[in-house]
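**Student:** For reference, the chains in residue letters:
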Amino acid sequence: MAISSARESLSHALNNRFLPNLEYLLQGSILDSAVEHLMHRLKGLCDNVDTSPETFHDLEVCMSLRQPNTNQPLMLRVRRALGRDAPFQMRYLGQPEVDQRRPTLVRSCMDCACTNGILDFLTEMGFRLEFEYIAKGYMFRKGRMKITVSKLIKIVPGKQDMANEPISQSYIVELSVVAPTGQENVGEEMRVFAEQLKPLVQLEKIDYKRLGNIP
Amino acid sequence: MSNSVNISVETTCENQIREIAYDGTELYQPPPTLSESLAKCAARIDFSKTSLEDLKKEEKSAAAAEEDAKDANIFQESLWPWDAVRNKLKDAYTEICVLSDVISIAKDKRYLVLDPLLEDSDDTKPIVQVYTRKKAISQAAQVLLSGAERLRNAHSELRNPNVKDFHIELLRLRQNWRLKKVSNGAIIGDLSYRTAGSKFGMSGTFEVAKAEDVLDEETTTSNANSSGGNTPNTQISTNNGIQPNGSSSLRVIVPAELQGVAYIKVITQKDQEDLCTAQVNLMGHGPNITAQVGVWQKTLEFAQNVLFCKELFAQLAREAIQLQAPIPHVVIGNQIRATLLPNIQLIISLCHSTSFDSNQPAPINDHDHVLEHSLHQLLREVHYKNSHHPFPHPASAPLGPSKKRMIAGPTAADRDSLLEMTKTQTILEQIIAQAQHIFMRKRTQYVLDTLARDVKDPQIVSHWNAMNSPTMSCVKINIVTHGYDAFGRTSLVIHVKERSLKCICRDGRVMRLSYEPQELRDLILCQINSHQISCLVSLARCMAWTVLSNSNHLGIGKVEPLGNASSCLLASPNSDRMIAVQIRCDPQIDVKVYIARSPRQDFFPTPLVPEKFWENLGGNFKEVRFDKIEGKSFLNKMEFLMASLTSNTA
Numbered sequence: 001m002a003i004s005s006a007r008e009s010l011s012h013a014l015n016n017r018f019l020p021n022l023e024y025l026l027q028g029s030i031l032d033s034a035v036e037h038l039m040h041r042l043k044g045l046c047d048n049v050d051t052s053p054e055t056f057h058d059l060e061v062c063m064s065l066r067q068p069n070t071n072q073p074l075m076l077r078v079r080r081a082l083g084r085d086a087p088f089q090m091r092y093l094g095q096p097e098v099d100q101r102r103p104t105l106v107r108s109c110m111d112c113a114c115t116n117g118i119l120d121f122l123t124e125m126g127f128r129l130e131f132e133y134i135a136k137g138y139m140f141r142k143g144r145m146k147i148t149v150s151k152l153i154k155i156v157p158g159k160q161d162m163a164n165e166p167i168s169q170s171y172i173v174e175l176s177v178v179a180p181t182g183q184e185n186v187g188e189e190m191r192v193f194a195e196q197l198k199p200l201v202q203l204e205k206i207d208y209k210r211l212g213n214i215p
Numbered sequence: 001m002s003n004s005v006n007i008s009v010e011t012t013c014e015n016q017i018r019e020i021a022y023d024g025t026e027l028y029q030p031p032p033t034l035s036e037s038l039a040k041c042a043a044r045i046d047f048s049k050t051s052l053e054d055l056k057k058e059e060k061s062a063a064a065a066e067e068d069a070k071d072a073n074i075f076q077e078s079l080w081p082w083d084a085v086r087n088k089l090k091d092a093y094t095e096i097c098v099l100s101d102v103i104s105i106a107k108d109k110r111y112l113v114l115d116p117l118l119e120d121s122d123d124t125k126p127i128v129q130v131y132t133r134k135k136a137i138s139q140a141a142q143v144l145l146s147g148a149e150r151l152r153n154a155h156s157e158l159r160n161p162n163v164k165d166f167h168i169e170l171l172r173l174r175q176n177w178r179l180k181k182v183s184n185g186a187i188i189g190d191l192s193y194r195t196a197g198s199k200f201g202m203s204g205t206f207e208v209a210k211a212e213d214v215l216d217e218e219t220t221t222s223n224a225n226s227s228g229g230n231t232p233n234t235q236i237s238t239n240n241g242i243q244p245n246g247s248s249s250l251r252v253i254v255p256a257e258l259q260g261v262a263y264i265k266v267i268t269q270k271d272q273e274d275l276c277t278a279q280v281n282l283m284g285h286g287p288n289i290t291a292q293v294g295v296w297q298k299t300l301e302f303a304q305n306v307l308f309c310k311e312l313f314a315q316l317a318r319e320a321i322q323l324q325a326p327i328p329h330v331v332i333g334n335q336i337r338a339t340l341l342p343n344i345q346l347i348i349s350l351c352h353s354t355s356f357d358s359n360q361p362a363p364i365n366d367h368d369h370v371l372e373h374s375l376h377q378l379l380r381e382v383h384y385k386n387s388h389h390p391f392p393h394p395a396s397a398p399l400g401p402s403k404k405r406m407i408a409g410p411t412a413a414d415r416d417s418l419l420e421m422t423k424t425q426t427i428l429e430q431i432i433a434q435a436q437h438i439f440m441r442k443r444t445q446y447v448l449d450t451l452a453r454d455v456k457d458p459q460i461v462s463h464w465n466a467m468n469s470p471t472m473s474c475v476k477i478n479i480v481t482h483g484y485d486a487f488g489r490t491s492l493v494i495h496v497k498e499r500s501l502k503c504i505c506r507d508g509r510v511m512r513l514s515y516e517p518q519e520l521r522d523l524i525l526c527q528i529n530s531h532q533i534s535c536l537v538s539l540a541r542c543m544a545w546t547v548l549s550n551s552n553h554l555g556i557g558k559v560e561p562l563g564n565a566s567s568c569l570l571a572s573p574n575s576d577r578m579i580a581v582q583i584r585c586d587p588q589i590d591v592k593v594y595i596a597r598s599p600r601q602d603f604f605p606t607p608l609v610p611e612k613f614w615e616n617l618g619g620n621f622k623e624v625r626f627d628k629i630e631g632k633s634f635l636n637k638m639e640f641l642m643a644s645l646t647s648n649t650a
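In order, the protein sequences belong to chains A and B. According to the UniProt record's numbering, the first sequence holds residues 1 to 215 in order. According to the UniProt record's numbering, the second sequence holds residues 1 to 650 in order.
Looking at chain A on its own, in the form it has when it is part of the complex (with noise of 0.2 angstroms):
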């Protein structure tokens, strides 16, 4: 079967259901002289993990668009891997629904990799940074969750990387699984994971609206 026009291509993904585009996400944290013991148990559930535990250290960056009609921002987040030659990767999130029915907390979610010139892009079609932070841990994989296991450190505005600091004394530990519409096995699978590491962490849904402004 032949495609002519990505759009046509796009809808075509989107139909057929082969575009994940809802992520599953559990959220919670823990604390820094506890995340030793998290570490050993995530090494004893994830899937390979012979080998030491895949390390991460990326900047992420808010942008912002302010539209005429509505009150809600349009909110793009681009990361980039510090140190590692790998393009960036812009990502629009959805808004999250928490639903009591379902085990976790999903929300709509895009994915791009991007080149390196994609922030001085959005700044030309005057999108405005709203946050930015460098997330610094490590990575687990099990079957298709991804855990990561990370440390949120606070940009000093107009300083050197050195000036850096953390935001708080804890890890953020997330578990998320990015999966096609209309697959509802993933949350129930997420929440037995997760029960495997209740005493250590407790991953909860996090409803981000009773939270407030906090991004």
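Calculated from the structure, these hints are not laboratory results. Please note: incorrect hints may appear among the correct ones.
[As the list claims (entries may be wrong)] Derived DSSO-like pairs: lysine-lysine, alpha-carbon spacing no greater than 30 angstroms straight-line:
hint, chain 1, residue 1, chain 2, residue 2
1, B, K181, A, K198
2, B, K125, B, K135
3, A, K136, B, K180
4, B, K180, A, K198
5, A, K43, B, K135
6, B, K404, A, K43
7, B, K125, A, K142
8, A, K43, B, K199
9, A, K43, B, K90
10, A, K142, B, K180
11, A, K43, B, K403
12, A, K151, B, K181
13, A, K43, A, K205
Got chain A sorted already, so can you dock chain B onto it with the hints?
**Tutor:** Showing chain B alone in chain A's frame:
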């Protein structure tokens, strides 16, 4: 009657003594009046007992009840004597009223419907009771017996030091293999490669049992059979099972299809005739495993190997059928045939022998261990790729796409390169490529070695690179003449690929050769030609001879595309002698040398050539019997020749 004695008869005190005065007189209670005794009797009526039988029973136990009744009397005397009777009657009246209400409601059937109760069919026949008791007792007896059996076993294990380490062995087994306990108490293990990334469907479960003596074993197996085990493939008869020797207290039961020894045999064959001899040796080949039987580790390793070989063969067979080869691959039974090059076949066969006989046939000579190893390696790579996906960077990127795929968007990859990414070489394709390469390498080696043996004059030295990839190797060829290394050295590099050769000459020419060995042979011969001529030219310069002309390609002979006969024309320092050299290389190297002298020493004028100066034109070449000239090599002989011609003129 005279001595009659008066006896006073007194009635017994009928009345109760109410009081005894200080002087001993007893004050009696006055006997009850009629009304009082009636009241007393009425008070003794038990209104709860109504039926006649109850009344009769009541009379029997009247004596006992009398005492209580008296107490009640005394207690009730303070009240109005008919009070109890009235209360009872009042209660009875209330009950009658309630009963009439209930009956009226029941009759009305608007509020209440009365249904007859089901008769309790509890007619317990004695024979049934006997049976149930018997059953219960036998169950209890079974519990006791099994407990006693277990105690006895434990006790005998304690006495027997060989058997008591079952749990220790189980612990060791658990450290190396995946085990789980299922509901009926059996221990099931898994030896499949599924956790390592395999997607093969065949199950690799095995059962762990305690090794007991043969009688017990048989009973346990029969029990297991009767209870209907959970997985059918763990059910095997003890005849098929690998019997342990006495040293191990743990026994693993491997499904029948995983027993024995399996390996993949890879043969490359040149001619059709070889096929038959190879097939004879198919069965019964393999290491003698009787010595290792009984050690569960070995048993499981063998079984795992069998599973692996089966997966590998299944994968290859599937690919062989799917692949669109110019000459289709053939899958017959447990054999796959693929054509590598014309007349050369690759045969991959799965050998699975379950017999443990020690009389093995002689090992097969042409079994290619390198290719077998490559096959195993390739499947392991597939497994590894199935389970090891690269981690995305930055961490928010999606999990799954390869690194190449990730940069496809930002680098604006076109449709072709994206399609290229989706292509993966199957295991069969890779192994065929490797086999072809191995064959090409061997062939190239053979051609170079025979040429080096046959051609003595310029020496052919080939250096094979020790480091090479499975489908590409490299050889550097130097052609030198012994003793004249300084004059010239011809070198070329040959890249040996899967079905072709790539030759890079020193002057930058690149030639692509097919798999035919004759092409390589011709090329090397031509290179020898040009080597000889170029060396001769430099030697002549060195000896002050003049090079009048030289040509590497005279355009004669058969080996046209790669080069052919070459020639050279030399003149002596004072130009009175000339040497012409022609080297042909079809099919052998053939050197022809001619000399000419001008002017000739002896001149006789003829009518056609009247003057001597016409002799300066030259011509009249005479062939030298080159093989008679002294010298070890072509250059050496030429040096002698030139030297002698020069000295003659001097």
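**Student:** Hint by hint, work out which the structure violates, then give me just those numbers in ascending order.
**Tutor:** 3, 5, 7, 9 and 12
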